[in-house]
Amino acid sequence: MSADVMPITENKNTKAKAVDTPWKTAMRRFTRNKLAVIGFIMIVFMFILCFIGPLFSPHNLFDYSLKNKNLAPNGTYWLGTDKLGRDILLRMMLAGRISLLVGLVATCITVMIGATLGAVAGFYGKLVDNLIMRVADIFMALPSLPILIILGAVLSDLKVHPSSRIYYLMVIIGVLNWTTLARLVRGQILTLREQEFMQATEALGLKDKRKIFKHLLPNTIPVIIVAATLSVAGAILSESALSFLGIGVVPPTPSWGNMISAANNLIDFRKRPWLWIPPGMCILITSVAINLIGDGLRDALDPKTKK
Amino acid sequence: MKQYIIRRLLQMIPTLIGISIIIFAISAMVPGDYITARANPNMSIEKQEQLRSIYGLDKPDYQRYFIWAGNMVKGNFGDSMQHKQPVTTVINTYVWNSFIIGIFALFFSWFIAMITGIFSAKFQYSFFDKIVTLLVFICMSLPSFFIGLLLIKFFALDMKLFPVGGMITSGLNARGWEYFIDVLKHSFLPIMVLTMLSTGSLTRYFRTSMLEVIRQDYIRTARAKGLKERTVIFKHAFRNAMIPAITLLGFELPGLFGGAMILEQIFVWPGVGHIYLNSINMRDYPFMLGFTIFLAMLTLLGNLLADVLYGIADPRIRLK
Amino acid sequence: MKEVLMQVDNLKKYFPITGGVFQRTVGHVKAVDDVSFRIHRGESLGLVGESGCGKSTIGRTILRLNEKTEGTVLFQGNDIYSLPKEELRRMRPKMQIVFQDPFSSLNPRIKVGQAIGEALYDHGVTDSKIIRERVLETMNICGLASYQYDRYPHEFSGGQRQRIGIARALIMNPEFIVADEPVSALDVSIQAQIINLLSDLQRDKQLTYLFISHDLSVVEHLCDRVGVMYLGSMVEMSSTEELFRNPLHPYTKALMSAIPIPDPTYKRDRIVLQGDIPSPANPPSGCKFHTRCPIASDICKQQAPEYRDVGNDHLVACHFV
Amino acid sequence: MAKDLVEFRNLETHFQTTAGTVKAVDNVSFIIREGETLCVVGESGCGKSVTAMSLMQLIESPPGKIVGGEILFEGEDLLKLSKREMSRIRGNQISMIFQEPMSSLNPVLTIGNQISEPLMLHMLLDRKAAKKRAIELINLVGISRPEKIFDSYPHELSGGMRQRIMIAIALSCDPKLLIADEPTTALDVTIQAQILDLMRDIKQKLNTSILLITHDLGVVAEMADYVVVMYAGKVIEEAPVLELFQDPQHPYTKGLLKAKPIINQKQERLYSIPGQVPNPIDLEDNCHFHDRCEFCMDICKVKQPPFRSHGKDTHKSACWLYEEEREVL
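Protein chains in written order, with full-length UniProt numbering: chain C, 1 to 307; chain S, 1 to 320; chain R, 1 to 321; chain V, 1 to 329.
Watch out, some of these pointers could steer you wrong.
Listed next, the in silico DSSO-like pairs over lysine-lysine satisfying Cα-Cα at most 27 Å (straight line) [to be verified]:
| id | chain 1 | residue 1 | chain 2 | residue 2 |
| --- | --- | --- | --- | --- |
| 1 | C | 34 | S | 122 |
| 2 | R | 267 | V | 205 |
| 3 | V | 301 | R | 267 |
| 4 | R | 267 | C | 214 |
To be clear about the criterion: a stretch of chain S counts as covered by chain V if any three or more of its residues have a C-beta under 8 Å from a C-beta of chain V, and this derived list gives those stretches [claimed, not checked]:
| id | region |
| --- | --- |
| 5 | 236-244 |
| 6 | 282-296 |
What the hints contain is simulated information worked out from the structure, not anything from laboratory work.
Quick caveat: nothing in here was measured; it's all calculated off a predicted structure.
The C-beta atom is built at its ideal place from N, Cα and C for all residues, glycine as well.
Build the full structure now, drawing on both the sequences and the hints.
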């Protein structure tokens, strides 16, 4: 019915109108989505808090002072202190740097592997496609949390230095996630290849380079952006779960997950909720925010939702 | 249909081989083994070596792989070192505890998701829909351990509504009804958390699926027949929206038996996931490997189940 | 006789159907089943038939946009299926295609001017000024205004998009254009504009068309010769005048009589065909049309009729002609 | 002359879009008489489907809304009925078939189930009686082996068969009016001929009025008793079918008739209407066809022509060419 009502026609008066690129249209749609904008504000806030906040903190990460240990939130220590007398707020902000960084870098790795393999499988098809997709099947069937846990344990056993553990974690989380993205990209490319404009590129005798970079990729990027956004949230959750279990980011490097593991101590858990609730809320807020943005992007970039 | 299932089962073989190689390779990377993990300072080096050769830990990796894989083909997953029992027995002992919370959470999350999904699709853009959407996002973003801890803190420790952890009150020698009530009390919080975790994305799925179906031509036809809105939604739209969702039921399979590791750990629930986390600390290889393979097999079977269910539910699909 | 531009012999295009435990091919959809024809320089050949008859598949297969199953396709004497990839690519500008769907045939992320001109880059024109000039010139010919150069496809209506598609094909100075149902998706008043544009272009540029359509009246208006297809086979082919004056195949007759005439006083003498079009995966034996043919007899079920010339360059495949 | 069955009076159906209001149906009035086939003809976006959907009150809201006018069905204003009362009329006294037979039937329900539904709902038949009637109906629309079809699913049938089933469903409760929204557009010509035959047959047998919506003037000539031509949301001409084809008044109608090539009447060059349908958002208060019209005068650009007869009572059109007043006010 809508087809009957809204032919996209052009009036003479649109002649003067500025050209609306697909990206601008997407931006406009995104900013019209309230939840997505809220998510965006939340994530910007988290970044500012974690990366700029520590610069304004009067405390120092190495301020061990046992006389100030386990203080409840007060005027000096807004979120209280831990058993070594360190400021929780500062630690939480620094932990956020680590958690956000792990999420972002892991996703970059996921995107690099996933998008490349997916694109190669989709574009070349046949044997290459078959091979890549069989490998993807294997990775899809691997139970991800158990594998992450084993790998976390391996890191512990290999006596990897706490400061370099985060790099291993980024790689592990990034690598294990590639299949979802690869499938999405491949699926998108297969759909695109069926479109008449891709047949037109063949009929016009365009070079492969142009077909891939001008026609296929720009139409695949929206899918990648959405999947990547959502996978940042997933990576942050994975990292925090591992760190909570003590096999992800380990102290002294702070991360939201390992701060929450303070709750493993019954007294801290019961009597000192300021130790573990704030970092938990940070994870929650960050992941809600990212999911909201991802969803907003999906709606904004999907050409099917015309607004 | 039979042919289809056979083909799919055959196709699983190479995938399983791939999975087993990866899993084995990862575990082989771990320095140290069960013997060192249990390091008993009193144990002599000779004794250790002797134990190693009993467990076959002294052979090169590839040989161990073939021995292990060969045994698995025969259905022998090996013996858990920690429990001194066959891996399958250990799994069988604890998997049902996991199943209890799994099945309840599955039931509740599907029930809630269906109802809210349908109504928020039916009243798209309404206030109810907006609230649901926000809740869905929160549920989808919950870190399981954090929400588990919060609930324990407030409901179990502060309000004392529920026990803090475990499956039965220790020392309680209850039977029958009393025992059942006791387990129910203990399982309430873990079931609640698990339900919250999966309801989010499910609701979203049902909502999207309903929205898609409501736009279809045959819904217009149904309305044009003068059917009541209730009939249109529940008979015509809901059945179609359910078809893609039925596939998800297959994907629930590993979750049902695999145990929710972190939650079981937090709630000290004696499920198979909890045992698995312990086995890693103990470097109980046979159990780690066996259980991971078990999970992978469940995943593959779940995928197959999903496709078969789809074929049954949708008259248009004839599986070949 | 004029020069033969496109020569198609015994072309077959089967799409496999898979099944069984190992997904082996268990059957074929015979989309194009042993079709031969010639297209002469400067003429326009129409292909008509109902959905599933294989007319669009022919259009794509003779341009090697999908691979053939059997047969030969010669374009200006070159077998396009034996050309190496790069040589084929170089030859592509000479043979172009205009698609049916004005929406999926344009990349939503590429500006119209670029979409029309980009092929020039890949075929050796590198001066962007020259390209721009040629694009604007071609847009002008196709009835598009120059200010539309920097617009995206979504800002255009169906008819204008079809003009863009034509301009994109035309800029390469092709000799041969496959027009695959170019007006089916358009409204009547826009259809007429596009049909007129296509016939003007043919006259001005000495183009050769393969015009694929399900609409006999459009084909009659635009084409010099017409082929009628049914279930992957050519059942009749002759000059337009001859075909419409003297249709021989019972399918052609039925097809013609089925078209509603916009004249309430017109006395219809309609042959209504019974039943549905059979599946091309499992076509009837003998003459494929026998299940719906009003004059079918036993021989039609057993033996496929020969596709032969009954004089006056009128080819037909029917036992009763 | 037959009794009036449906009368549209100044119907206004608008759609709200982010870019502005689309007056999809703008002040439309016409009458469908008993036992008559009325064709609404026009190009995509002219509002012909929306008119029919307004009659059924199946306009999706939001974005659509009937904002004014009346739709009288046997003298009663349908727009004033409650939802429940309207659903008793829908599928019962007024029924509808759609353009896409492939997607208009529910894929997970059997054909029998879908035909029985309105029978059980409106005719209050029990399951058994409904099945018997359903099989009769399948037979009526010319499908052999109705028992087998009763138990099949839509995907097992071809497009033509499905459209027959849709017709069977529509006829199940002996409607007074059958609305057919482009019923043959998605079908092949030989199948279209079958369906049009069937509809003519049924009209003769059951004396049902038909509101046929189409863009194909050939179909109009074959089926219609009376024709309404729409352009950009407005009725621009209406007349009995012979009258319209022999003496079209509005330049748009004339153009449409000339623009379509006709078989066995070869022309050198097709007449074509220049330009395209105007953007439906926030149209001005003028003749919407003025910028494509070869007879465009100054007044056409600023004022809407009245819709009335110019000579014969039954033939009305909206064009300044036939008006005395031509000065710009």
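(message) Run through the hints listed earlier and report the numbers of any the structure violates, in increasing order.
(response) 3, 4, 6
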